[in-house]
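Colleague: If you read the sequences in order, they're chains A and B.
To get the working numbering, take the position in the first sequence, counting from 1, and add 1292.
To get the working numbering, take the position in the second sequence, counting from 1, and add 35.
A few of these clues could be false.
Residues from chain B that face chain A, not an exhaustive set, calculated with beta carbons under 7 Å [stated by the list, open to error]:
#1 174
#2 175
#3 235
#4 278
#5 282
#6 396
Interface residues of chain A toward chain B, partial, derived using beta-carbon atoms under 10 Å [unchecked claim]:
#7 1327
#8 1330
#9 1331
#10 1335
#11 1353
#12 1354
#13 1358
#14 1377
#15 1383
#16 1384
#17 1385
#18 1387
#19 1394
#20 1398
Read the hints as simulated data drawn from the structure, not as lab findings.
Note that the Cβ used here is the ideal one computed from N, Cα and C, for glycine as well.
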Amino acid sequence: MARVPIADYFEVTDGDDAPVRLRGSRCPACDEVFYPRRLVCAKCLHEGTDDVLLSTSGTLYTWTWVHVPLFAKTDAEVSEYAVGQVDLAEGPRVQAILMGAPGDFSIGMQLELGLETLRQDADGNDVVIYRFTPVGADR
Amino acid sequence: MRFEGTAIAGVGQLRFGMYRDVPAVELARDAGLLALHDAGLTLADIDEVFVGYLGLQHQVGVKAVKELGLTGLPVTHIENASATGLFAFREAAWAVSSGRAEVAMALTFDKMTDVAGRGSTSGSMSRGAGRDQLDASILPAAFFALWAQRRMHDYGTAPETFAAIAAKNWNHGALNPLAHRQPDHAVTVEEVMASRMIAEPLTAMMCCPADDGAAAVIVAGEDFVRRRFPDRRLVRCLSSAAQSEAYSPGHAFLGPVVGPPTMTRTTGQEAYDAAGVGPDDISLALCHDAFANEELEYYELLGFCEPGQGDKLVAGGETALGGRIPFNTDGGLIARGHPGGPTGVAMVHELALQLRREAGARQVEGARFGLAHCVGGGSVCTVNIFEGVD
């Protein structure tokens, strides 16, 4: 059984402790870093960027607790959840689902990247999505 | 851009709500006829139509115009998310101002209750798989809740301030026969706060409904309108500005439906400059209050107060009817409703009534300059300024 990302912006390998990394782009002309990957630099319009693996932790810019099911229940039974925007050291602001309870989050705190299984696909693989978790929290 | 010699000839709007058994093209027809009647025209007088909707199939706009007649006129579809209607108006006004059309119509209609019922990841609103799936994972209320939470962190804004804005707009809706929500009692901050939590701090009553509806506006040369309606106050289209996002560090590419708040500030400034007026000249404003916290931000971004001072405007009742700068006098997206495409044209409809001084119980005394603002997912922003003259 393998883990299959729901989108190809992060790398997943088999094994319990496999790291998850977000893959972004760095502009060779102006050094601006973007997530997700892009061909044309959004800042200086240079064509062609280099792949870069981004930090696995960041600072919480804002967050909310949502009392409505994730994906309108079509992909997973998640009745309520947190979502936030996380600033990575390289610059990108990444919006993602957060793992934890409502009392776990505050603006400015450090979060680290993790994975969560949403469902199994027809071949029995785990379909996973990346999420952020408070640093040091039990997972 | 500044429009030259361009005025509103007629407006029409259906009450927003749920029209389960009425085909979309019939909603469009009825709003189109209202606008034609208001302008004293038929489709034979219209040189060009811009149609706008979000939740329907391709080509429906041309079919909708056929319900008003088949005259061979050019029909063009405009789609810019929540801002669709205001962009369709802008194109109609520009067509007249540029001289390519003497009379142009923006015809907008939608059945968003069908879309809402299908869920965010199925039916015609599906955003597919992979990256698009990630983009679709979070409902609009959550995006704006993220903005609200940061506001509370930066300025100490209380959720009750958002509730006060929502209550104001619900109560404005009670005065508008075309509003979806017409409460039979004075809505209070407490009632808004006690409604179901959607995305903290936004409760259900701080969020706009999904609606069906239609609205139309006809734009023509000032002389054309004057000749037909010598005794009616003339509503000039003064200026329009539109933007998509400019890159700035911290831009979140994946997720947000509406981009950096600075877009509203710079679009608004461009519209003021083109019109030759400023915030102090504006008698009333219509803005994209899909979620109540947005309206608070737009008070500041559109220049009606300094950054961080919007809370004081709310506390003083300055943005309610009777206040210094009434916002969303027709109930806004929260109470008038938000069918998607027609929303921006409903704003123009309200400003036309207000500047003609035909707004009845919700008339802003002495209304002269009006402003309509919309943002749309993707994202885009447009600000349009009008003037009513005797």
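Colleague: Against which earlier hints does the structure fall short, listed by number upward?
Modeller: Hints 2, 4, 6, 9 not satisfied by this model.
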